[in-house]
Amino acid sequence: MIRFVDVHKSYRVDGRDIPALQPFSLDIAEGEVYGIIGLSGAGKSTLIRLINLLERPSGGHVFVGDVEMTALAELALRAQRRKIGMIFQHFNLLASQTVADNVAFPLRLAGERDAGAIRSRVDELLARVGLTAHAGKYPSQLSGGQKQRVGIARALANRPTILLCDEATSALDPQTTASVLDLLAEINRELKLTIVLITHEMDVVRRVCDRVAVLDAGVIVERGAVADVFLHPQHPTTRRFVNEALPEEAASELAPFTQVPGRILRLSFRGDTTLTPALGRVARETGIDFNILAGRIDRIKDLPYGQLTLAMQGERVDAALAALREAGIEIEELHR
Amino acid sequence: MSLLQKLFPNIDDWGELGRACIDTLLMLGGSLLLTVLIGLPLGVLLYLTGKGQLRPMPRIYAVTSLLVNVLRSVPFIILMIVLMPVTYFLVGTKLGIRGAIPPLVIGAAPFFARLVETALREVQQGVIEASQAMGASLWQIVRHVLLPEARGGIIAGITVTAIALVGYTAMGGAIGSGGLGDLAYRYGYLSYKSDYMLVTVALLIVLVQLLQMIGDRIVTRYKQR
Numbered sequence: 001m002i003r004f005v006d007v008h009k010s011y012r013v014d015g016r017d018i019p020a021l022q023p024f025s026l027d028i029a030e031g032e033v034y035g036i037i038g039l040s041g042a043g044k045s046t047l048i049r050l051i052n053l054l055e056r057p058s059g060g061h062v063f064v065g066d067v068e069m070t071a072l073a074e075l076a077l078r079a080q081r082r083k084i085g086m087i088f089q090h091f092n093l094l095a096s097q098t099v100a101d102n103v104a105f106p107l108r109l110a111g112e113r114d115a116g117a118i119r120s121r122v123d124e125l126l127a128r129v130g131l132t133a134h135a136g137k138y139p140s141q142l143s144g145g146q147k148q149r150v151g152i153a154r155a156l157a158n159r160p161t162i163l164l165c166d167e168a169t170s171a172l173d174p175q176t177t178a179s180v181l182d183l184l185a186e187i188n189r190e191l192k193l194t195i196v197l198i199t200h201e202m203d204v205v206r207r208v209c210d211r212v213a214v215l216d217a218g219v220i221v222e223r224g225a226v227a228d229v230f231l232h233p234q235h236p237t238t239r240r241f242v243n244e245a246l247p248e249e250a251a252s253e254l255a256p257f258t259q260v261p262g263r264i265l266r267l268s269f270r271g272d273t274t275l276t277p278a279l280g281r282v283a284r285e286t287g288i289d290f291n292i293l294a295g296r297i298d299r300i301k302d303l304p305y306g307q308l309t310l311a312m313q314g315e316r317v318d319a320a321l322a323a324l325r326e327a328g329i330e331i332e333e334l335h336r
Numbered sequence: 001m002s003l004l005q006k007l008f009p010n011i012d013d014w015g016e017l018g019r020a021c022i023d024t025l026l027m028l029g030g031s032l033l034l035t036v037l038i039g040l041p042l043g044v045l046l047y048l049t050g051k052g053q054l055r056p057m058p059r060i061y062a063v064t065s066l067l068v069n070v071l072r073s074v075p076f077i078i079l080m081i082v083l084m085p086v087t088y089f090l091v092g093t094k095l096g097i098r099g100a101i102p103p104l105v106i107g108a109a110p111f112f113a114r115l116v117e118t119a120l121r122e123v124q125q126g127v128i129e130a131s132q133a134m135g136a137s138l139w140q141i142v143r144h145v146l147l148p149e150a151r152g153g154i155i156a157g158i159t160v161t162a163i164a165l166v167g168y169t170a171m172g173g174a175i176g177s178g179g180l181g182d183l184a185y186r187y188g189y190l191s192y193k194s195d196y197m198l199v200t201v202a203l204l205i206v207l208v209q210l211l212q213m214i215g216d217r218i219v220t221r222y223k224q225r
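Chains as they are written, first to last, in the working numbering: chain W, 1 to 336; chain U, 1 to 225.
Don't read these hints as lab results, they were simulated from the structure.
Warning: the hint list may mix true and false statements.
[Said to hold, decoys possible] Each computed SDA-like pair below joins lysine to any residue, with the alpha-carbon atoms no more than 25 Å apart:
id	chain 1	residue 1	chain 2	residue 2
1	U	K51	W	A73
2	U	K51	W	A20
3	U	K51	W	Y11
4	W	K137	U	T220
5	U	K51	W	K137
Next comes chain U alone, as it looks inside the complex (with noise of 0.2 Å):
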């Protein structure tokens, strides 16, 4: 304990660490869920309806597309402080961890739909030739041969937007989300308590660390095969 003190005189409440570690976790995993569950078939739609694909249709394809590309192009600072009236309306705060939620999700849930249609155009086009030749139906394919054939492509983009998602719940700090981006703002930033920005720093980096080798690993798990 004195050891800690020593190196961080500034860091009194240890405990209020823990808890925006906890609240940095809580909105990762609850916008990293919604953003799968939104982007997932998002990228599905945007490969189906591409250009020589199975269902090719060109208007669905640009809006949506374009839709995509709005969402990224905006910074997600940015992104937030407009979003703003659209978060009250939907979880009755622009705090907290619930406020971050939806524009953590609008934020990247286009950029994961990006990446799982780049990993489903891997997928060999003559193994969808061969189950439409087996009499597969497109719900068929999608779910028995596009997704398990690109599930290591996938999971690999799943990883970049959880990492992608870190860096907007820290920048989510700064406009009263909580966690640790908020303690590096606060503290760190405008009380020029640097040893608290260390930690969070340091903290933020184990995270990344995590989660990079958590993917990597379920993903050469699948290349192996």
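So that you can see chain W by itself, here it is in the shape it has in the complex (with noise of 0.2 Å):
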């Protein structure tokens, strides 16, 4: 759906080139929530807006499904830019404008005259978001969440096959952030949009993303499913971004448990094998002792995971270890 080839961009400052982003090549599939990780200064700001050209790549190719974006001339690239929505983390909604003429905009922009029309794809996308009773309202009227699903219900005014969402959730409190990722999640589900988002915060990539690109000073470092990279995190950027979504295992890696007996081991379940019984069958079967260390259970998008720091101890740890390999549980050894 979105297919970067050798993409690259520097700024040009006082006559010199500093690289933001550097040669990469990256495909986003239809339908899927594409996330990209990276602290601030990363390039990731520079990397979404490559998509819908608001920054021009200093070389390579950007296409969307078919079209190669780089190729267009304006009045093309203009057409184009309305099969793209895009979404901010300030929102930039027009002040001087309604909820409802915000809305209303692109479909005006594109150049919807009919009066008619526009009220009722208004009152739809109004709707859609839950806005229905704010439509009067200016935007200094409403709360944040309020004003990202304004932002929201504009960006799907003319039916666009991508969302791009710059930031989103980063200036809401955690109850809005969750509110809007579930929306963003039903948006992606219902309308098969294909979401590319970036964001600083791993949970909001664990709730919502199919896969997720770790962006570390213009470099993509890591990528790959969402359950991959969060449950087995190779880079130490990514590690250091998995650490704070889960700050109990930050803990068990900065105290490696040298004390406790036995030898120290990270189980993790996903999917399916984190429901059933594996760990406590396979104790009693090989006879050995466990004591948990640290654990958690959650859901990476829809899929359930678990994961747990365990001290092991007794005479058949090995085949114990190779019992729960068989379950489909992943084993770390962290200290022996």
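With the hints as a guide, bring the two chains together.
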């Protein structure tokens, strides 16, 4: 759906080229939610703007569907942009216009003149984001979460195939973030919209994304399915993001329980294995003892997962580990 | 009537004062309208071609900016005299309301253009970016984003310009453009009829107060949103 081919970007500052994004290629599939996570200054804002060409790449090609965005002339580019919705950290609504007029704005820009058609589409969109009662208000009269819902309604107005989310929840409190993310997930499910979001919070990625790329100082250092990246982060930057989302895991990495007797293991369960009593069964069968040191059970998007750090003692630990692996549980040995 | 006569013994023709009032209002209205019509696009041009803006064009910006600064740095009374041939060329007279309007507009439009430029710079960059992402053309951004979003600031600019124009029209009176300034100058200054001076000054104060009140009221109405 979205394809970057050998794209790179640098900015010219005082006659010198400052690289913002090192050459990279990236494919984003139709209908998926793709997360790009990075610290501020990592280049993620630049990366997402390369899709609708708010930023022009210094080299390489950007494709959206079958269209090469980087080859379009001004007029054709504007037409393509109407098919790509975008929402922003600071909402960027027109303060001088009502909620309804803000949502109608992209329709009018696209040349829609029929007031009846505009009104019915706006009503439909406001109903979808749950703001029907606020149509006549001005943005300054709304809460942050409501403003972002207006932003989402506006972004969906021209029935785009892609939605770009530029730190869409970073200015919101945790509860509002959750409700906006739920709305995005719902839109992705029901409208089959491809969503690209950038964020600095691993929790946002965990809740809604299918795949993720980790950006560090202009380089994609890690990418893959969220469950893989989340449960087995390879790069130090990725680890840091994951540890922020899982404070107890961070604690277990910092203090590797050296004083605890036995072998220290981290077990990762995914999907159905999370819901089977494999650990208890294996312990009974092999006669090993285990002591849970840290753990949690949660979801990655719709996938239940669990991660336990435990100390294992007994004659047949190796057999137990083999049996657990047999049951589909991933095991890392932290300390022996 | 007798009270008026007692208070202002020199003013024998109140009708003349009324006509002068109307002349001032006509000069103000006409020049304000033209000032806005010329200054608004000029301000938009300054904004768009400025460094880091939507259509940065350093040369055009530099030339426009210089012209605006030159016109703003000449005191109005001198500008008026310097412009007399231009005025004559444009409207066929150097006198009266018609003769006053070209220098008033040329004096005030650059001033207003700067105020428009400043007001437009207050518009959030993000809102402009959002409309670009929606596929808006430059014209659509100016027409539907920049001008509406800067409306409060532009109206405040019109108010300030109108008040400056009241001062300019009074100065114009000194060189034959008529209006309240002309009365104050001829009767009040040259003929020592200080009651004329008092009344015209009072009328000008009332006029400025009214303009400021109206302007503020419109701005507040938009700001509440």
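So if I understand the rule, the pair passes when the alpha-carbon distance is 25 Å or less; does K51 (chain U) with A73 (chain W) pass?
holds (24 Å)
Restraint status (C-alpha distance of K51 (chain U) to K137 (chain W) at most 25 Å)
violated (35 Å)
Does T220 (chain U) lie within 25 Å of K137 (chain W) when you go C-alpha to C-alpha?
Status holds; Cα separation ~17 Å.
Check whether the Cα positions of K51 (chain U) and A20 (chain W) lie no farther apart than 25 Å.
OK: K51 (chain U) and A20 (chain W) at ~22 Å, within 25 Å.
Given the proposed pairing of K51 (chain U) with Y11 (chain W), does the C-alpha separation stay at or below 25 Å?
Between K51 (chain U) and Y11 (chain W) the Cα gap is close to 16 Å, so the pair holds against 25 Å.
Checked against the numbered hints listed earlier, the structure breaks hint 5 alone; every other hint is satisfied.
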